[in-house]
Amino acid sequence: MSRLLSRRTAHSGGAGLELIDAVPVRHPWRWVGAVVILLILVLVVQSMTTNPKFYWGTFRTYLFDVLVIQGVGWTLILTVTSMIIAIVLAILLAFMRQSDNPLFRYVSWVWVWFFRGTPVYTQLLFWGSVGALYPKIIVGVPFGPELFSWDTATVINATVAAIVGLGLNESAYLAEIFRAGLKSVDNGQMEAAEALGMRRSKVMWRIILPQAMRVIIPPTGNETIGMLKTTSLVLAVPFTLDLTFVTNALASRTFLPIPLLMVAAFWYLVITSVLMVGQYYIERHYGKGVDNVTKAPVQATAAAAAAHAKPVDPADGTTEGGRP
Amino acid sequence: MTDTASIKKQESTRTKPLVEIQGVHKLFGSHHVLKGIDMTVKQGEVSVIIGPSGSGKSTLLRCINLLETISAGRIYVHDDLIGYREVNGKLHDLTTKQIAAQRREIGMVFQRFNLFPHKTALQNVIEAPTQVKRQSKAAAKLKATELLEMVGLGDRADFYPSQLSGGQQQRVAIARALAMEPELMLFDEPTSALDPELVGDVLEVMKDLAKSGMTMIVVTHEIGFAREVGDTLTFMDAGVVVESGNPREIIANPQHHRTQEFLSRVL
Chain A
624 MSRLLSRRTA
634 HSGGAGLELI
644 DAVPVRHPWR
654 WVGAVVILLI
664 LVLVVQSMTT
674 NPKFYWGTFR
684 TYLFDVLVIQ
694 GVGWTLILTV
704 TSMIIAIVLA
714 ILLAFMRQSD
724 NPLFRYVSWV
734 WVWFFRGTPV
744 YTQLLFWGSV
754 GALYPKIIVG
764 VPFGPELFSW
774 DTATVINATV
784 AAIVGLGLNE
794 SAYLAEIFRA
804 GLKSVDNGQM
814 EAAEALGMRR
824 SKVMWRIILP
834 QAMRVIIPPT
844 GNETIGMLKT
854 TSLVLAVPFT
864 LDLTFVTNAL
874 ASRTFLPIPL
884 LMVAAFWYLV
894 ITSVLMVGQY
904 YIERHYGKGV
914 DNVTKAPVQA
924 TAAAAAAHAK
934 PVDPADGTTE
944 GGRP
Chain B
13 MTDTASIKKQ
23 ESTRTKPLVE
33 IQGVHKLFGS
43 HHVLKGIDMT
53 VKQGEVSVII
63 GPSGSGKSTL
73 LRCINLLETI
83 SAGRIYVHDD
93 LIGYREVNGK
103 LHDLTTKQIA
113 AQRREIGMVF
123 QRFNLFPHKT
133 ALQNVIEAPT
143 QVKRQSKAAA
153 KLKATELLEM
163 VGLGDRADFY
173 PSQLSGGQQQ
183 RVAIARALAM
193 EPELMLFDEP
203 TSALDPELVG
213 DVLEVMKDLA
223 KSGMTMIVVT
233 HEIGFAREVG
243 DTLTFMDAGV
253 VVESGNPREI
263 IANPQHHRTQ
273 EFLSRVL
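Quick mapping for you: the protein sequence lines, in order, are chains A and B.
The opening residue of the first sequence carries number 624 in my numbering; numbering runs sequentially from there.
The opening residue of the second sequence carries number 13 in my numbering; numbering runs sequentially from there.
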């Protein structure tokens, strides 16, 4: 809205300089568009508030229900832990894909092929039934005596199955995002680092990956928000504590599906908003030196000494100034 | 490994050339880029290579620190065969670890600077000493500050590359290479990507470096630099060394018609 109303305000500068105070181009259709959108918005809000079938009273009752809040917690846990697993694996897979070692390259390729090529729902079903396939996990000498054994059901319970299933599936998608990020870094960076005598693994970790992160973060944020919603598939395991399952269960108990869908939607939106704030800060961190740097005076003379104390103007909202 | 290298260093100083390039060929597929290059560079010498683009001069430079592998011939730096181990006349590839060790002795400055954009000037300079040589951060910073002072950028230590001009970036790149205390510096057209008014500062730093006794191989189009600072000048064209010798003599009185033609175009 402020954009619509924006007007250039010219402050007359010092030294009798007459600044240009031009009449801006008028945009009457913007006003028309704004009025139409506002009208639609009012109608939507009006219908939602006056339609009794939304049962807003029920919405309010269940919004902070203990089961719902626990569901929010579990959904967050599933999202965060499976994304952490996926990111660690994706870095490994992307590095392997760029390796000189052909074995690493093939393994990475096959991994991505498999986990991207089968539905996540199917994979979750599989992890849920791994206990039936292998009732015991046994560590021992191959074809020889067994050393330790555990019940599969206790090691891979529903939570673990859900997290592993989501994480492994996601790692395949993220691996491609990370690979694209690594490829986006100029080849000269690798050459410069190698010319300094740095080993390839060190170059990847310290020089290439931090720069690739600029490209990696936005799609990874996308994937994280996608994962938040994908966690609703864990009923395949079956895992029954996440937000979608809980609100569905409450809905069938109360025979009021709409208000409980609204409860779920509300919490998904809240979490997404929080994740977006996090993404903003992560992006800013990895953009240092490239995005949002104030251009310092280029000619190194007297001005440099003054600028030296604070190379990045804090008023500009940028972080990561010089460390002495 | 480093012990034997340092012993060798003491023995061979001044008796043998620091860099020996013997019959080097380079093929990119069927494209024959270097066709039998022979060249020597003595300790403390500034060797300037000029030639038209596509003549193979940058490729030769990149072969010396293994950014490219050679197809035939031998390159020795300080009696170390670059890239290979010779056993009973048969060459064996070096491991990545051994290659990295060889590169540490050779500094390289690139046409497009290739500073690490996510690190400040100071962080660029201390990266290799702390990560490769395992120097303490404090010691590396002290040395880096000294080097940045030397290239005239003591007040720019905390600036990111994007906040520096091309000429300043290139001088940081020189400091970064020097921080590893190499015995040989390679310059791959260090001023070709710079605005004309910024070239002088970089050349000034290179002159100081030459005066300090650093062995340098410089691929450049700066004929003035070759005349003033160079100990030898090599003119390359189409993958061969056409002419080589005292820079002042060659520039004033080129013997080969291809050298004459090239110099008449750039001077």
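Hints listed in this document are in silico derivations from the structure and should not be mistaken for laboratory results.
Keep in mind that the hints are not guaranteed to be accurate.
[Said to hold, decoys possible] List of simulated lysine-lysine pairs, DSS-like, C-alpha gap at most 30 Å:
1) B:K28 with B:K149
2) B:K153 with A:K825
3) A:K825 with B:K47
4) A:K825 with B:K223
5) A:K825 with A:K852
6) A:K825 with B:K149
7) A:K806 with A:K676
8) B:K54 with B:K28
9) B:K219 with B:K28
10) B:K145 with B:K47
11) B:K102 with B:K155
12) A:K806 with B:K145
13) B:K102 with B:K149
14) B:K153 with B:K102
15) B:K28 with A:K825
16) B:K54 with B:K219
17) B:K149 with B:K109
18) B:K219 with A:K806
Checked hints:
Distance restraint check for K28 (chain B) and K149 (chain B): the Cα-Cα separation of roughly 36 Å exceeds the 30 Å cut-off, and the hinted pair is therefore not satisfied. The hinted pair formed by K153 (chain B) and K825 (chain A) meets the criterion: a straight-line CA distance of about 20 Å does not exceed 30 Å. Of the pairs offered as hints, the one joining K825 (chain A) and K47 (chain B) is violated, with about 35 Å between alpha carbons and a cut-off of 30 Å exceeded. With a CA separation close to 34 Å, the supplied pair K825 (chain A) and K223 (chain B) exceeds the 30 Å bound.
Our distance criterion of 30 Å between C-alpha atoms is broken by K825 (chain A) and K852 (chain A), whose separation comes to about 36 Å. Note on K825 (chain A) and K149 (chain B): the hinted pairing holds, with a Cα-Cα distance of about 17 Å set against a maximum of 30 Å. A C-alpha spacing of about 53 Å is found between K806 (chain A) and K676 (chain A), which places the hinted pair above 30 Å, so the restraint is violated. A C-alpha spacing of about 7 Å is found between K54 (chain B) and K28 (chain B), which places the hinted pair at or below 30 Å, so the restraint holds.
About 24 Å separates the Cα atoms of K219 (chain B) and K28 (chain B), which keeps this hinted pair within 30 Å; it holds. A threshold of 30 Å between alpha carbons decides the hint, and for K145 (chain B) with K47 (chain B) the separation of about 36 Å lies outside it, so the pair is violated. Under the criterion of a C-alpha separation no larger than 30 Å, the hint pairing K102 (chain B) with K155 (chain B) is inconsistent with the structure, at around 42 Å. Taking the CA atoms of K806 (chain A) and K145 (chain B), the gap is about 28 Å. The hint holds against a cut of 30 Å.
For the given pair, K102 (chain B) sits about 42 Å from K149 (chain B) by alpha-carbon distance, which is inconsistent with the 30 Å threshold. Restraint check for K153 (chain B) and K102 (chain B): the C-alpha separation of about 44 Å exceeds 30 Å, so the hint is violated. Pair hint K28 (chain B) plus K825 (chain A) does not hold up; C-alpha atoms about 35 Å apart against a cutoff of 30 Å. The straight-line distance between the Cα atoms of K54 (chain B) and K219 (chain B) is roughly 17 Å, inside the 30 Å bound, and the hint therefore holds.
For a cut-off of 30 Å, the pair hint linking K149 (chain B) to K109 (chain B) stands: about 23 Å separates their Cα positions. Pair hint K219 (chain B) plus K806 (chain A) does not hold up; C-alpha atoms about 37 Å apart against a cutoff of 30 Å.
Comparing the model with each earlier hint shows violations of hints 1, 3, 4, 5, 7, 10, 11, 13, 14, 15, 18; every other hint is respected.
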